[in-house]
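Going by our numbering, 172 is the number at position 172 of the sequence shown; the sequence numbering is gapless.
One or more hints might be untrue.
[Unchecked claim] Per label pair, the in silico range of CB-to-CB distance:
id	residue 1	residue 2	range
1	Arg161	Arg17	37 to 45 Å
2	Glu41	Lys15	23 to 31 Å
3	Ser13	Asp180	34 to 42 Å
4	Glu55	Gly141	38 to 46 Å
[Said to hold, decoys possible] No more than 20 Å apart at the CA atoms, straight line, and that leaves these computed lysine to any residue pairs for SDA-like:
id	residue 1	residue 2
5	Lys164	Asp200
6	Lys45	Gln66
7	Lys197	Thr73
8	Lys108	His177
9	Lys137	Lys164
10	Lys114	Lys164
11	Lys164	Asn31
12	Lys111	Gln68
13	Lys164	His177
14	Lys197	Lys226
15	Lys108	Gln68
16	Lys108	Pro18
17	Lys197	Cys34
18	Lys108	Glu149
19	Lys164	Ala152
20	Lys114	Gly89
21	Lys15	Pro82
22	Lys111	His177
23	Lys114	Glu97
24	Lys197	Glu181
No lab work stands behind these hints, which were simulated from the structure alone. Glycine included, each C-beta is placed from N, C-alpha and C at the ideal position.
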Amino acid sequence: MASLRDKVIEKKSLKNRPWRLFQVESAIACNLECVMCPWREIAKKAANHGIMAPEIWAAIRPYLSQVQSVDFTGGGEPLLQPRLADWIGEAKTAGCETGFLSNGLLLKEQKLIKILDAGIDWICISMDGADAEMYNKIRVGSNFDRVSENVANIARLRTGRAPKTMINFVLMHMNFHQVDEIVQLADRLGVDQVNFKQCDVIRGKEGRGYGLFASEETKEIRRLKKSVDNL
1 MASLRDKVIE KKSLKNRPWR LFQVESAIAC NLECVMCPWR EIAKKAANHG
51 IMAPEIWAAI RPYLSQVQSV DFTGGGEPLL QPRLADWIGE AKTAGCETGF
101 LSNGLLLKEQ KLIKILDAGI DWICISMDGA DAEMYNKIRV GSNFDRVSEN
151 VANIARLRTG RAPKTMINFV LMHMNFHQVD EIVQLADRLG VDQVNFKQCD
201 VIRGKEGRGY GLFASEETKE IRRLKKSVDN L
């Protein structure tokens, strides 16, 4: 295990690199049909069935030594990328910090162990409900109990404090009342951090109505803003 001194030296070395972050969309394809997702129609038209081709990674690889961090998150599910663990390992060999955001359904123990062995620095799991009823209503096609088990396995199998584990909770008018409950769930699952993000990326008519404010509230906010602007 690296000493504190080694970690400080490593951090300073990373900061000397010219680029802070490579955002690598390892997959835009997804295994779920989340109600607020803006990427579903785009994913259906994507090349290579929405899975990033290895040729693209090969073009990125020579520049890894010049970037601090590689985030393998895109509009889809990174765990659908069969080469994900290999690419994480290559980025780590080049000295990069690595991580990804996932819905967590496919993070079974065997796959998780490969990713942990590759040296992943952080894993963030999307969970927009603190119980099965709310979660399964939003994350259509997923399974609350299975994802909860997969998240708990990260804390069980990781060594020391790595990787850092997070839950990402998208705030909508249908789930914002569960803020306290999701924090309590995260604590039970051994998660290090909970991120809250307003649902602000919505495309198409089917995505309307899933924002933090209901449609009537949104109209009232716009009316009030217009009144203030006219003062």
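Going down the list of hints, with the structure as the test:
no. : hint                          : result
1   : Arg161 with Arg17: 37 to 45 Å : violated (24 Å)
2   : Glu41 with Lys15: 23 to 31 Å  : violated (40 Å)
3   : Ser13 with Asp180: 34 to 42 Å : holds (40 Å)
4   : Glu55 with Gly141: 38 to 46 Å : violated (30 Å)
5   : Lys164 with Asp200            : violated (26 Å)
6   : Lys45 with Gln66              : violated (32 Å)
7   : Lys197 with Thr73             : holds (16 Å)
8   : Lys108 with His177            : violated (30 Å)
9   : Lys137 with Lys164            : violated (28 Å)
10  : Lys114 with Lys164            : holds (16 Å)
11  : Lys164 with Asn31             : violated (24 Å)
12  : Lys111 with Gln68             : violated (25 Å)
13  : Lys164 with His177            : violated (26 Å)
14  : Lys197 with Lys226            : violated (25 Å)
15  : Lys108 with Gln68             : violated (28 Å)
16  : Lys108 with Pro18             : violated (36 Å)
17  : Lys197 with Cys34             : holds (15 Å)
18  : Lys108 with Glu149            : holds (9 Å)
19  : Lys164 with Ala152            : holds (13 Å)
20  : Lys114 with Gly89             : holds (10 Å)
21  : Lys15 with Pro82              : violated (30 Å)
22  : Lys111 with His177            : violated (34 Å)
23  : Lys114 with Glu97             : holds (17 Å)
24  : Lys197 with Glu181            : holds (16 Å)
In summary, the structure is inconsistent with hints 1, 2, 4, 5, 6, 8, 9, 11, 12, 13, 14, 15, 16, 21 and 22 from the numbered list given earlier, while agreeing with the others.
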